[in-house]
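**Q** When the letters of the sequence shown are read in order and numbered with full-length UniProt numbering, they come out as residues 1 to 171.
Please note: incorrect hints may appear among the correct ones.
Have a look at the derived ranges for each label pair, beta carbon to beta carbon [as the list claims (entries may be wrong)]:
| no. | residue 1 | residue 2 | range |
| --- | --- | --- | --- |
| 1 | F159 | T46 | 25 to 35 Å |
| 2 | V158 | T84 | 48 to 58 Å |
| 3 | L162 | N85 | 50 to 60 Å |
| 4 | K90 | S43 | 14 to 24 Å |
| 5 | Q101 | S61 | 22 to 32 Å |
Here are the simulated lysine-lysine pairs, DSS-like style, with alpha carbons at most 30 Å apart [unchecked claim]:
| no. | residue 1 | residue 2 |
| --- | --- | --- |
| 6 | K88 | K27 |
| 7 | K39 | K90 |
| 8 | K27 | K74 |
| 9 | K168 | K88 |
| 10 | K168 | K27 |
| 11 | K62 | K90 |
| 12 | K39 | K128 |
| 13 | K90 | K128 |
| 14 | K62 | K128 |
Hints listed in this document are in silico derivations from the structure and should not be mistaken for laboratory results.
Idealized CB from N, CA, C, for every residue including glycine.
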Amino acid sequence: AGTIMNSNQCYEIANPHCLFSTGAADKCQVTVRQPRYQKAEYSTQTVSLPCDFSAPQCSLSKLQVLWFRFFTNKHEDLCTPRCTNDQKFKVKISENSTSLQINDLTVNDSAVYFCGIAFSDSSSLHSKQTGGGTILTKREFNCMIVISTLLLLYCTAVFTILIVYKSKRQS
Numbered sequence: 001a002g003t004i005m006n007s008n009q010c011y012e013i014a015n016p017h018c019l020f021s022t023g024a025a026d027k028c029q030v031t032v033r034q035p036r037y038q039k040a041e042y043s044t045q046t047v048s049l050p051c052d053f054s055a056p057q058c059s060l061s062k063l064q065v066l067w068f069r070f071f072t073n074k075h076e077d078l079c080t081p082r083c084t085n086d087q088k089f090k091v092k093i094s095e096n097s098t099s100l101q102i103n104d105l106t107v108n109d110s111a112v113y114f115c116g117i118a119f120s121d122s123s124s125l126h127s128k129q130t131g132g133g134t135i136l137t138k139r140e141f142n143c144m145i146v147i148s149t150l151l152l153l154y155c156t157a158v159f160t161i162l163i164v165y166k167s168k169r170q171s
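The task is simple: from the sequences and hints, build the whole structure.
**A** Now the structure itself:
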């Protein structure tokens, strides 16, 4: 129930009707879901970015989890599948989900993080997919809030002292 072609034709034109030597089409199909946003307060040191996937009819023995991040002007391969910095990044995998743990979180880690799921032994066009990306934002410590609060307290104290001083002078 499909066209039999040699594997070169299949890869060149990405024909979904290709059948290989097994005589049956590879039905591995992956879907990946990531939350759209994740915020981290300035005091947060570690964050975990979740990624859920479903992979019916895929061989879990050949599962590869990949993580990338994109900045405004560049991108980084973080874990493909080994992590480039084992102290900074850790990948955790369970049956239908994975997560990227980011340690020593800084404002410079704010980026769009993509989770990729691939089954290396599958020839299916849908066996390698990425999620929609999670926008991670880490807030800086805002010293303006602290300075404004201290200035308000100072002004209130000075104003109170002036009122007390004037009321004593008038009596």
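**Q** Hint by hint, say whether it matches the structure.
**A** Going through the hints against the structure:
Hint check: F159 to T46, Cβ distance near 44 Å, so the stated range 25 to 35 Å is violated. At about 55 Å, the CB distance of V158 to T84 agrees with the hint of 48 to 58 Å. One distance hint, 50 to 60 Å for the beta-carbon pair L162 and N85, holds here, with the actual separation near 57 Å. Restraint check, K90 to S43: a C-beta distance of roughly 21 Å satisfies the suggested window 14 to 24 Å.
The beta-carbon spacing between Q101 and S61, approximately 24 Å, falls within the hinted interval of 22 to 32 Å. For the hint pairing K88 with K27, the CA-to-CA distance comes to about 36 Å; that exceeds 30 Å, so the pair is violated. Note on K39 and K90: the hinted pairing holds, with a Cα-Cα distance of about 19 Å set against a maximum of 30 Å. A distance of roughly 35 Å separates the Cα atoms of K27 and K74; the hinted pair therefore is violated under the 30 Å criterion.
Between K168 and K88 the alpha-carbon distance is near 63 Å, which puts this suggested pair outside the 30 Å criterion. For a cut-off of 30 Å, the pair hint linking K168 to K27 is broken: about 89 Å separates their Cα positions. At most 30 Å may separate the alpha-carbon atoms for a hinted pair to count; K62 and K90 meet this at roughly 19 Å. For the hint linking K39 to K128, the alpha-carbon distance of about 28 Å falls within 30 Å, and the restraint holds.
Taking the CA atoms of K90 and K128, the gap is near 21 Å; set against the 30 Å cutoff, the hint holds. Among the hinted pairs, K62 with K128 is consistent with the structure: their alpha-carbon atoms are about 12 Å apart, no more than 30 Å.
In summary, the structure is inconsistent with hints 1, 6, 8, 9 and 10 from the numbered list given earlier, while agreeing with the others.
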